[in-house]
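Protein sequence lines correspond, in order, to chains S and L. So the first sequence is numbered by my numbering: it starts at 12 and just counts up by one. So the second sequence is numbered by my numbering: it starts at 54 and just counts up by one.
A few of these clues could be false.
Only pairs whose alpha carbons sit at most 25 Å apart, straight line, appear in this in silico DSS-like list of lysine-lysine [stated by the list, open to error]:
(1) S:Lys61 to L:Lys60
(2) S:Lys83 to L:Lys60
(3) S:Lys272 to S:Lys203
(4) S:Lys60 to L:Lys60
(5) L:Lys151 to S:Lys61
(6) S:Lys60 to L:Lys151
Everything labelled a hint here was simulated from the structure, so no lab data went into it. Computed from a predicted model, the values in this text were never measured in an experiment.
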Amino acid sequence: MRFLILLWIGLVLPVHAQDAKKEIQRYQQMIAEGSPVELFELEGEALWKKPQGPNQVSLEKCDLGQGAGVLKGAYARLPRYFKDADRVMDLETRLLHCMMTLQGRSRDEATRRVFGNDDRPSEMESLSAYIAAQSRGVPMAAGSAQPKEKAAFELGRKLFFHRAGPWDFSCASCHGEADKRIRMQDLPVLSKPEFARPVVATWPAYRVSNSQFKTIQWRMNDCYRQMRMPEPVFASDATVALITYLTVTGKGEPYRGPGTKR
Amino acid sequence: MAAGPMKMRATLGNGYTDVRVLMTHPMETGQRKDPDGKLIPMHFIQNLTVKVNGKTVVEAETSQAVSRNPVFTFRVKGGARGDKVEVSWVDTEGETNKTEAAVT
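All chains, please: the whole structure from these sequences, using the hints.
And the structure:
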């Protein structure tokens, strides 16, 4: 029986691949219309303004690269090099930096729960939604001129193609060739700008199938889990480098997120 | 924490008003199980009321079939700029929440 079903799928799929793609696009449009992303933005705004940590201050003075507290267009310029920390940072890494320096929180405490669940989103998730939303319409342009930004891009590119782990996988094993997919999900070739652009312009995003808001650091973390590699450290040089590589590769499209994914 | 934030927009069309409202709610069906295998009790929005300037224009009964964090869109006849639209809900636990917006 199983053999018969497999045979049937094998025969039917190539014929209907195009139809399926169209139907998936229609579905994506429908979920985007009913997206609860704005609820996460509201929660993020409240968190941004809420005094926390030993210093009992909010994040409102946090400099995301456009000056202290400037949110408009800040996300579209990340990741970028920050002089005060002397390293390249993506949004979440920078937020963690602000939580530690402004609010006086320990790294341990601030990263204890960076990925939430459907009942309780994490601080990083809500904050990402709020801050990214302030870049709607702004063309994505991560930093790529400063030497450390160039180094992060190069390291990210190496990591993207670096095969390792029990399955000898790299990011490129799934995202290196066109027309590959997992179940019905098309896999974008993230090393090519034309594929990376729409991805970069819509993350972070709300995922309908599990009612959760997902951040870009989570995406890196979960890809490594899927590759059966050791868990990468949140806001580490490795995850920041990968995010830099992907974001710089996919620069240029106006931001239209936070998106809504299947 | 069923009563999380709500967000609403009411936009005037030609002879009608479109009301779009987002609400935070777990919308538990009563059929899911927790990691210990115990049923998670049902908990969902049961009644939804839309009022324009204090007058009820929509009364809806909703069920478990509606997703978590639902979004509703209503098209109401008439309306004018500045009209006060209020949307409120009551869930199976008797919890309520409401939000207000002016028609733009």
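Outcome of the hint check:
For the hint pairing Lys61 of chain S with Lys60 of chain L, the CA-to-CA distance comes to about 20 Å; that is within 25 Å, so the pair holds. With a C-alpha separation of about 21 Å, the suggested pairing of Lys83 of chain S with Lys60 of chain L holds against the 25 Å cut-off. With a C-alpha separation of about 21 Å, the suggested pair Lys272 of chain S and Lys203 of chain S falls inside the 25 Å cut-off, and the hint holds. The straight-line distance between the Cα atoms of Lys60 of chain S and Lys60 of chain L is roughly 19 Å, inside the 25 Å bound, and the hint therefore holds.
Using a Cα cut-off of 25 Å, the hinted pair Lys151 of chain L and Lys61 of chain S holds, with the two alpha carbons roughly 23 Å apart. The suggested pairing of Lys60 of chain S with Lys151 of chain L holds, with an alpha-carbon distance near 23 Å, which does not exceed 25 Å.
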